[in-house]
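Each chain is listed here by its residues.
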Amino acid sequence: MERNIRNGVITLFFTLFGFWFVLASTFSIAEVIIGVVASVLIVVYSFDLIFDKEETSGHSFRVLLRYFALFVVLVIEVIKANVAVVKIVLSPRISIKPGFRRIRQPLKRELNQALYGNSITLTPGTLAVTMSNDSIVVHGLTMENIDAIEGGPIQKAFLAIEQEDKR
Amino acid sequence: MMEIVRMVVVAFLLISGVFFYVVGAIGLIRLPDVFCRMHATTKADTLGAGLVFTGLIIWQGFSFASLNIFVVLIFIWLTMPTAAHAIARSEFENHHRDEVEEGM
Amino acid sequence: MILTIVYGCIVVLLLTAFVSLYRAYKGPTTADRVVAINVISSKVTAIIVLVAVWLNQSSYINVALVYAMIGFLSTIGVAKYLLEAKLK
Chain A
684 MERNIRNGVI
694 TLFFTLFGFW
704 FVLASTFSIA
714 EVIIGVVASV
724 LIVVYSFDLI
734 FDKEETSGHS
744 FRVLLRYFAL
754 FVVLVIEVIK
764 ANVAVVKIVL
774 SPRISIKPGF
784 RRIRQPLKRE
794 LNQALYGNSI
804 TLTPGTLAVT
814 MSNDSIVVHG
824 LTMENIDAIE
834 GGPIQKAFLA
844 IEQEDKR
Chain B
441 MMEIVRMVVV
451 AFLLISGVFF
461 YVVGAIGLIR
471 LPDVFCRMHA
481 TTKADTLGAG
491 LVFTGLIIWQ
501 GFSFASLNIF
511 VVLIFIWLTM
521 PTAAHAIARS
531 EFENHHRDEV
541 EEGM
Chain C
78 MILTIVYGCI
88 VVLLLTAFVS
98 LYRAYKGPTT
108 ADRVVAINVI
118 SSKVTAIIVL
128 VAVWLNQSSY
138 INVALVYAMI
148 GFLSTIGVAK
158 YLLEAKLK
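Chains as they are written, first to last, in this note's numbering: chain A, 684 to 850; chain B, 441 to 544; chain C, 78 to 165.
Any given hint could be a false lead.
Where chain A lies over chain B, by a calculated footprint (3+ residues, C-beta under 8 Å) [unchecked claim]: (1) 444 to 456; (2) 492 to 498; (3) 515 to 522; (4) 528 to 535.
Computed list of lysine-lysine pairs in DSS-like fashion (alpha-carbon distance at most 27 Å, straight line) [stated by the list, open to error]: (5) A:Lys780 to A:Lys763; (6) C:Lys157 to A:Lys791; (7) C:Lys103 to A:Lys780; (8) C:Lys103 to A:Lys770; (9) A:Lys839 to A:Lys791; (10) A:Lys791 to A:Lys849; (11) C:Lys157 to C:Lys103; (12) A:Lys839 to A:Lys763; (13) A:Lys839 to A:Lys849.
Just so you know, the hints here were simulated from the structure itself, not pulled from any lab data. We put the beta carbon where it would ideally sit given N, CA and C, even for glycine.
Please model the complete structure; the sequences and the hints are all you need to start from.
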């Protein structure tokens, strides 16, 4: 079996079994055996539906560390974004100049593109509207917020993930 | 002493989370158009859910109940931006297609 | 003491859900109403989790998970419908 296929099988099995175990909320032998059998059946019969060959290319420990670093950056950005929203909403006169802009989008893998769109929605004053393989339309409360995406911390974290993936 | 510190942290997390929920609702009423309202509600609800559920997890300690709350938390953090993106995309394609400023 | 705060959080979240209902009633476009319904469903998810902790019934948390899933799916469904049907 190829290495990336094997990594994908292991990841999928433990994700499904962990979800079952948390929802079952018990240590009884019968529940655990049912969970293992169900997870194995799902992995055997629908593995090709859930994982693409290219999408399983780099599930290594280093890439997981990069995703964790991305999560830390994201939490900081979400807190900043909320402080900005509180300032705008609770000020007596709302002063914003909203608008759309199409900007470049540097990522290749589909998982990273989806996470990038979600992260842009959670950064200060920006909302991902629609995206394609090389561009993304962003709605901003002010245009300066959209300028801050290019070269910002979120984009740096994603580029680091793609670099680590290629190696 | 440790117990008191933990209770203060839990109370702070719960109250600040509910504060962000309230700010999201006020933004939903006050802001001028759909996309601005979406800004306020998505960010405020995501962080509000994060703070409230983290507070509950710290209060419960390590148990199956807090693992379940953690699953709900992950689900909300993944789906709130996705839902906002879906609504924004449908509204954009229907009404605002020609207002884009090219910045590439 | 924390139980009192949890009770207060439930009451405040219920009031905010009613405030959001104003936008679902008034909203000039369909997207406004969908946003308002999405906000209410996320608040109700938090309320269910808080009630589960307040009553010390951990199986109610699964209800919150299913409610969040239904709210997400209905939002995506309505957004897809608006996109394909070109409703004005």
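Tested hints:
1. 444 to 456: As far as the stretch 444 to 456 of chain B goes, the hint is violated, because 0 residues have Cβ atoms under 8 Å from chain A.
2. 492 to 498: violated (count 0)
3. 515 to 522: The restraint on the stretch 515 to 522 of chain B holds, since 3 of its residues have a Cβ under 8 Å from chain A and three suffice.
4. 528 to 535: Holds, because 4 residues of the stretch 528 to 535 of chain B bring their Cβ atoms closer than 8 Å to Cβ atoms of chain A.
5. A:Lys780 to A:Lys763: 19 Å, holds
6. C:Lys157 to A:Lys791: 25 Å, holds
7. C:Lys103 to A:Lys780: Holds, at about 24 Å.
8. C:Lys103 to A:Lys770: Judged against 27 Å, a Cα distance of about 25 Å means the pair holds.
9. A:Lys839 to A:Lys791: 14 Å, holds
10. A:Lys791 to A:Lys849: 11 Å, holds
11. C:Lys157 to C:Lys103: 22 Å, holds
12. A:Lys839 to A:Lys763: Since the Cα atoms of Lys839 (chain A) and Lys763 (chain A) sit roughly 17 Å apart, the hinted pair holds (cutoff 27 Å).
13. A:Lys839 to A:Lys849: Status holds; Cα separation ~16 Å.
Going down the numbered hints, you'll see the structure goes against 1 and 2, while the others check out.
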